[in-house]
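Q: Each chain, letter by letter, is given below.
There are 2 protein chains.
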Amino acid sequence: MQSVKIGILGLGTVGSGTVSVLKRNSKEISRRAGRGIEILRAADKNLDSPKTCDLNAIDLTDDAFSVVNDPEIQIIVELIGGTGIARDLVMQAIENGKHVVTANKALIAMHGNELFAKAQEKGVTIAFEAAVAGGIPIIKAIREGLAANRIEWLAGIINGTGNFILTEMRDKGRNFADVLAEAQALGYAEADPTFDVEGIDAAHKLTIMASIAFGIPLQFYKAYTEGISKISQEDVQYAEELGYHIKHLGIAKKTSQGVELRVHPTLIPKRRLIANVNGVMNAVVVKGDAVGPTLYYGAGAGAEPTASAVVADIVDIVRALTTDPENRVPHLAFQPDSLKDTPILSMSEVVTSYYLRINTEDKPGVLADITRIFSEQDINIEAILQKQPEEEEGTVPIIMLTQPVVEKNMDEAIAQIEALDTVKHAIMRIRMESLG
Amino acid sequence: MQSVKIGILGLGTVGSGTVSVLKRNSKEISRRAGRGIEILRAADKNLDSPKTCDLNAIDLTDDAFSVVNDPEIQIIVELIGGTGIARDLVMQAIENGKHVVTANKALIAMHGNELFAKAQEKGVTIAFEAAVAGGIPIIKAIREGLAANRIEWLAGIINGTGNFILTEMRDKGRNFADVLAEAQALGYAEADPTFDVEGIDAAHKLTIMASIAFGIPLQFYKAYTEGISKISQEDVQYAEELGYHIKHLGIAKKTSQGVELRVHPTLIPKRRLIANVNGVMNAVVVKGDAVGPTLYYGAGAGAEPTASAVVADIVDIVRALTTDPENRVPHLAFQPDSLKDTPILSMSEVVTSYYLRINTEDKPGVLADITRIFSEQDINIEAILQKQPEEEEGTVPIIMLTQPVVEKNMDEAIAQIEALDTVKHAIMRIRMESLG
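In order, the protein sequence lines correspond to chains A and B.
Going by the numbering used here, the residue at position 241 of the first sequence is 353; the numbering climbs one at a time, nothing skipped.
Going by the numbering used here, the residue at position 189 of the second sequence is 301; the numbering climbs one at a time, nothing skipped.
Here chain A stands alone, though its shape is the one from the complex (with noise of 0.2 Å):
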């Protein structure tokens, strides 16, 4: 059987991880897909800064709409990343009834609605899994593997740098600006670490994944995002100390009363697998009803794990390529006529249990104090540290655990505590999940 050819746009990281793998196996990757895989050209805006795969036999160019607009080229494979021309070639592709394979998770989070339809009217698909947690095969686990399930939660460590950076202020002792300036010297981190630390890059993956898992629209724009940059090391110690390791988790519930999509950083008790994932690696925990929880782990980010996703889209394309576009697996695993439009719940309405550490005047009545407001809020307490007073301050740290509380209930203790004129901090807040 004839070879499938294939046009790759952009060389960096994945795109020459890509290159590489697929040179390498392709005797297996072919004995898998029951034809050969030939990487037919490939764009790149800078051909002259050197690439770290062999591009021998490949036609290399610094134009990438002509490999999107070559008749001869059947998958478009996009590793240019962000929404600007990356989208723009994408939908030519599509136009041009190509089949897409794609690692970018902000294309698809921003703009997956539109160019899954464009995809369904043209008959072509667009493949993705190498968008959400790199190498682990998380999408075709929720969209094939799960079918069975109605999905109740997922909940993920999809964000390398962030749980590198937690790992390191856990394991060593470590403050977040020294992690994140080392993550940073790595090459874990971007310049502008924003994306990563302050929850957008998983928030992009968690809207995939909701969608998939609920069978609802990608709402990017509706999901809730809280950063790690606050978490500091005595919460890092008082967490431990109660039994429970912080993660930044992606979080998405379904509830009788809508969607929960949320990024924060998060208690787990200790004995959680998930719980145990450290440094870059990542995993995501998927809770169906008839499976109970199932987990997902590997490396989610790199240039070859990566590659690893990308190339198994290729494959599944290929495999497909002779399907009636009817019969294919749908982009959002749900047919796109009965994709649901299940409101997302803002975070006040949202229920969680909450770690709080309150710095107070170490004179009496404060306590009573706290805990009237909690009353008033129907807010239970489930654990108590007291620390003693620490010297130079004359404060003395409250760690209280709740039972779940509904958040606007929790915001308006917050604030009445922190009127109080024992209180003189911000009140730290992390919302606790059990994950059983």
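FYI, nobody ran anything at the bench for these hints, they're computed from the structure.
A few of these clues could be false.
Same chains, same label: a pair holds when it works inside one copy or across any pair of copies.
As the list claims (entries may be wrong) - Dumping the calculated BS3-like pairs for lysine-lysine here, alpha-carbon to alpha-carbon at most 30 Å:
{"no.": "1", "residue 1": "K234", "residue 2": "K452"}
{"no.": "2", "residue 1": "K334", "residue 2": "K452"}
{"no.": "3", "residue 1": "K139", "residue 2": "K366"}
{"no.": "4", "residue 1": "K135", "residue 2": "K452"}
{"no.": "5", "residue 1": "K342", "residue 2": "K499"}
{"no.": "6", "residue 1": "K382", "residue 2": "K366"}
{"no.": "7", "residue 1": "K499", "residue 2": "K520"}
{"no.": "8", "residue 1": "K139", "residue 2": "K452"}
{"no.": "9", "residue 1": "K452", "residue 2": "K117"}
{"no.": "10", "residue 1": "K366", "residue 2": "K135"}
{"no.": "11", "residue 1": "K139", "residue 2": "K230"}
{"no.": "12", "residue 1": "K139", "residue 2": "K334"}
{"no.": "13", "residue 1": "K382", "residue 2": "K284"}
{"no.": "14", "residue 1": "K334", "residue 2": "K520"}
{"no.": "15", "residue 1": "K342", "residue 2": "K366"}
{"no.": "16", "residue 1": "K536", "residue 2": "K499"}
{"no.": "17", "residue 1": "K284", "residue 2": "K342"}
Fair warning: this is a prediction, and the values are worked out from it, not measured in the lab.
Position chain B relative to chain A; hints supplied.
A: Below, chain B alone, put in the same frame as chain A:
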């Protein structure tokens, strides 16, 4: 579009779970599959015994062949188990041009080669996700999700009963026989626990995973199996002290000499995620050359977790009903004409590290004898733990961890050490894997 009509053979635990999941989640499932899935008929040899699922609107019979021969039925779901009648029914279903979904690991591991050849000839699919690790979509992950990779090795906790026993032994200091009796009372273990604790069940599953990972025919009869019944409480504790957990692993590894296929108790460093998979849960680590190590975790047995995998297979087949058979995912991941007859290595050729417990008399010169024998067999010692003499016996347990060595050398060394006058007991040996 018309519903797809299926027939279920066997209404035991998994059969009833499958009916329940298909009925409860029918809307969710058809939103994904694009069409309804209708259980037209079901067969069970004990129709009079009470069933745990709603059988309303299903045509029941005690003649399974009448279901297999029903021209209206497109997919046969075999949930009887074993290699007797189940094999005849599956063969007949294929002959009749029907697709088959099965949870039957023994059937696939022992007769898969002939069944797949017949299915290939008839242009139908045999799907068997539920045969390995229950609800974890591990077949899909290896076969499709990691299609870009040369798989280097995989290692799994793939028998829940065995893992429950080892977890209880470690956490509660209990003995093997004691926990086994409880597992039988709880219904985790069969009255005849041989299949579970001696590694036969795990070897069935390992055989299947190895074939799809390496592209080799199914060769169950060449798998090495060693059970956990000889593991003592003191071994569990010494392992703990040295930083390891003991797990019953199925391991498949590709080396330059051939393929290793082995089930045995294994020491794993505690820091590995899989070392922390406890109770009846299953997990599989798969190492690909591009993606690195990935891990898949979930319930490995039980009515609804297994049904989750059965139904996912049904949805896959429904989606591919109109596909040209040539373009479907091959049964063993690789195209049938490109399976390779890579030899399965005998255990004497396998290279691993070892944990050894040698009970010797407390006399001078013993350690010198042992280390001389090791040296002659090219065995390097990584760590030694020498304990106080045990009062009643006057013997000293010496615990040793070795560096990797070929098993035949270790066999020879153990034979020589056991022949020493000062060594009164058989040496306990447990293989070690770093799984890094």
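Q: Give a verdict on every hint.
A: Evaluation of the provided hints:
1. In this homomeric assembly, K234 and K452 come within 30 Å of each other (Cα to Cα) only inside a single copy, at 23 Å, whereas the closest approach across copies is 39 Å.
2. Taking identical chains as interchangeable, the C-alpha atoms of K334 and K452 lie at most 30 Å apart only when both belong to the same chain, with a minimum of 16 Å there against 51 Å between chains.
3. Taking the closest pair of Cα atoms, K139 and K366 come within 30 Å of each other only across two copies (16 Å); inside a single copy the shortest separation is 43 Å, beyond that limit.
4. For the homomeric pair K135 and K452, the shortest alpha-carbon distance between copies (20 Å) is at most 30 Å, but the shortest distance inside one copy (42 Å) is not.
5. Taking the closest pair of Cα atoms, K342 and K499 come within 30 Å of each other only inside a single copy of the chain (21 Å); across copies the shortest separation is 49 Å, beyond that limit.
6. In this homomeric assembly, K382 and K366 come within 30 Å of each other (Cα to Cα) only inside a single copy, at 24 Å, whereas the closest approach across copies is 35 Å.
7. Proximity of K499 and K520 under a CA criterion of 30 Å is satisfied intra-copy only: 28 Å inside one chain copy versus 60 Å between copies.
8. In the homo-oligomer, the alpha carbons of K139 and K452 lie at most 30 Å apart only across protomers (12 Å), although the nearest pairing inside one protomer, at 42 Å, exceeds that limit.
9. When the C-alpha separation of K452 and K117 is checked against a cutoff of 30 Å, the pair qualifies only between copies, where the shortest distance is 26 Å, while the shortest distance within a copy is 36 Å.
10. In this assembly of identical chains, the alpha carbons of K366 and K135 lie at most 30 Å apart only when taken from different copies (20 Å versus 42 Å within one copy).
11. Only between protomers do K139 and K230 lie at most 30 Å apart by alpha-carbon distance; the minimum there is 26 Å, versus 34 Å within a single protomer.
12. For a Cα distance limit of 30 Å, the shortest separation of K139 from K334 across copies, 26 Å, qualifies, whereas the shortest one inside one copy, 44 Å, does not.
13. Taking identical chains as interchangeable, the C-alpha atoms of K382 and K284 lie at most 30 Å apart whether they share a chain (17 Å) or sit on different chains (19 Å).
14. Only within a single protomer do K334 and K520 lie at most 30 Å apart by alpha-carbon distance; the minimum there is 18 Å, versus 62 Å between protomers.
15. For the identical chains of this complex, K342 and K366 are intra-copy neighbours only, at 28 Å inside a copy versus 47 Å across copies, given an alpha-carbon limit of 30 Å.
16. Taking the shortest alpha-carbon separations for K536 and K499, only the intra-copy value of 16 Å comes in at or below 30 Å, while the best inter-copy value is 57 Å.
17. Within a single copy, K284 and K342 get their C-alpha atoms as close as 18 Å, which meets the 30 Å cut-off; across copies the closest is 40 Å, which misses it.
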